[in-house]
Amino acid sequence: MKYESQAVSKPYFIFALILFAGQIVFGLILGTQYVIGDFLFPEIPFNVARMVHTNLLIVWLLFGFMGAAYYLIPEEAETELHNPKLAIILFWVFAAAGTLTVLGYLLVPYATLAEITGNDLLPTMGREFLEQPTITKAGIVVVALGFLYNIGMTVLKGRKTVINIVLITGLLGLALMFLFSFYNPENLALDKFFWWFVVHLWVEGVWELIMASILAYVLIKVTGVDREVIEKWLYVIIAMALITGIIGTGHHFFWIGPPEYWLWLGSIFSALEPIPFFMMTLFAFNMVNRRRREHPNRAATLWALGCAVMAFLGAGVWGFLHTLAPVNYFTHGSQITAAHGHMAFYGAYAMIVITIISYAMPAMRGRPNGNSNKAQVVEMWGFWLMTVSMVFITLFLTGAGILQVWLQRIPESGEALSFMVTQDKLALFYWLRLVAGLVFFAGIVAYLSSFFIKGEDPLVEAQARLQES
Amino acid sequence: MAERFTKSMARNMYLGGSVFFILLFLGLTMDTVRQLPQRDNRENLTEEVAHGKKLWEDNNCIGCHSLLGEGAYFAPELGNVFYRRGGEDSFKIFFKSWMNAQPLGVEGRRAMPQFNLSDEELDALAAFLEYSAKIKTNDWPPNIEG
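Residue numbers (full-length UniProt numbering), protein chains in the order written: chain A, 1 to 469; chain E, 1 to 146.
A couple of the hints might just be wrong.
[To be verified] So these bits of chain A aren't anywhere near chain E, every CB distance computed over 12 Å:
1. P123
2. K232
3. N369
[As the list claims (entries may be wrong)] Keeping only pairs whose Cα atoms sit at most 25 Å apart, straight-line, the calculated DMTMM-like set for lysine to aspartate or glutamate is:
4. E:K134 x A:E260
5. E:K136 x A:E260
6. E:K96 x E:D123
7. E:K96 x E:D31
8. A:K425 x A:E415
9. E:K7 x A:E260
10. E:K136 x A:E412
11. E:K7 x A:E78
12. A:K454 x A:E468
13. E:K134 x E:E121
Please keep in mind that the hints were generated in silico from the structure rather than gathered at the bench. Heads up, the beta-carbon is just placed ideally off N, CA and C, and yes, glycines get one too.
All chains, full assembly: derive it from the sequences and hints.
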């Protein structure tokens, strides 16, 4: 850690990981409800657990992105953060608002929450992923503005590298696109159309800029490869992300009202969307192979490589599988969508946040060379348990999805099985998914416990081994 | 990548590419908004339907169901439930008795909460689902089961 003010990212990372653990607990509740339908009913109905699961995901990733920005921007800009105190104040504001929102979901019926938070004045709630009360949404905007001001001023007074410019562009886009969450017309087709301006243009647009710049930063640090080479890659990757991803939004416009030409545009451009992810994988492996130094934090390198591979599989391959309109006609809104969503979010965004945490956290805790070997071994156990079980979760959901399409979607009306009957037939896949979810939970326990393992500096240990031999 | 491909060429590709596609997307968005009136069944968007949509949102129905294929996949698709459960003839009657019977209380079955909606509110929600079913969706879903 070169600059004192980088330390403000520490609470962001810690809180992000706590929310991540919470997200997984609610994921297990949901997985159980898929097979034991009335589990925890009526205390925690499925919609509440699901809202907590997906909202915690969004919020912990936002905490992770902010922590990443506070850590890497001062170092890239070669100056202290403009206002570290503001960063800490905004942390507490965001943490309190997030906690209150989740408590609201859990403690009162959603309709009551909507009523007491003024959803009648400006209705924005009750839409997938945008379930936050309107006042929480307003709070998010305030926090985002303060955050952008803080890092914007830091970059203005310091060095402007490609990494910090791309990161800021991504974060600005993130804030800008979120404004569409306040637009909720009575017309359902319009509502859904502009809803995707937040959801798709986040995850398949500006978040990719954020992800690519964090990955580029970590790769510079752990490989020592020349910045010029990495920056050129970064530009090409984000160029491809936006060239394919913006019109690629069209693959969500097939069946919600917009005109037919989106069937063509959406199919063609979203078929190209795996390209930036494939380039990211090439990029990461290329840089690690050309590395000029062996960074003693091997866990961070593993996360970076794993992130690139899993993002390509989840967002790229599993996205492509059902993105062409004739295929999507049958798979839209089935368990195939769930399979893709799980691996894409874990691979691209959960893993990039863990990558930067894995690199930055030891540095902030006074271990510039990374954690001790013992701690790193446990962390890597966490990596493999979580990653492999996510592969299995995806495979089981894909199996469930294929069978669902076969039984419920392909036969003619009258011969097709109903939704609920089909779900009963998929129970085996859901049980297997639940087991894989439990393994994932074991993975996160291993990962979090690695934070509490002490031991020697890995560089000192390596030297000691050399002397012995 | 050949060495002749310089960083500034990469940057221009990023800037030029994104500006071009943002403008194209804006143009297509304007065209979509212009064409939607022929497709989105807005002539039937009454005050009652709008009230129904608000109830749909206030009770987070999307947290279990999907609507036009989006939402959660835990409970049936409702974009076409109007046709699946009786259409013009009997959908409203079916819908009201179904809502009032919740939760069914079958052990191990996925359970729907009782939302205690008034008769008037159930009418509005039914009207919203009828309006949704009549949006032109390029013939999705493939069959009546959604």
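How the hints compare with the structure:
1. P123: violated (6 Å)
2. K232: violated (5 Å)
3. N369: Holds: least Cβ distance 31 Å, greater than 12 Å.
4. E:K134 x A:E260: holds (16 Å)
5. E:K136 x A:E260: holds (10 Å)
6. E:K96 x E:D123: holds (8 Å)
7. E:K96 x E:D31: Not satisfied, since the Cα-Cα distance of roughly 39 Å exceeds 25 Å.
8. A:K425 x A:E415: holds (16 Å)
9. E:K7 x A:E260: The given pair, whose Cα atoms are some 39 Å apart, is violated under the 25 Å limit.
10. E:K136 x A:E412: This hinted pair holds, its Cα atoms lying about 20 Å apart.
11. E:K7 x A:E78: Distance ~22 Å between E:K7 and A:E78 Cα, so the pair holds.
12. A:K454 x A:E468: Holds. A:K454 to A:E468 sits at ~22 Å (cutoff 25 Å).
13. E:K134 x E:E121: Holds, at about 20 Å.
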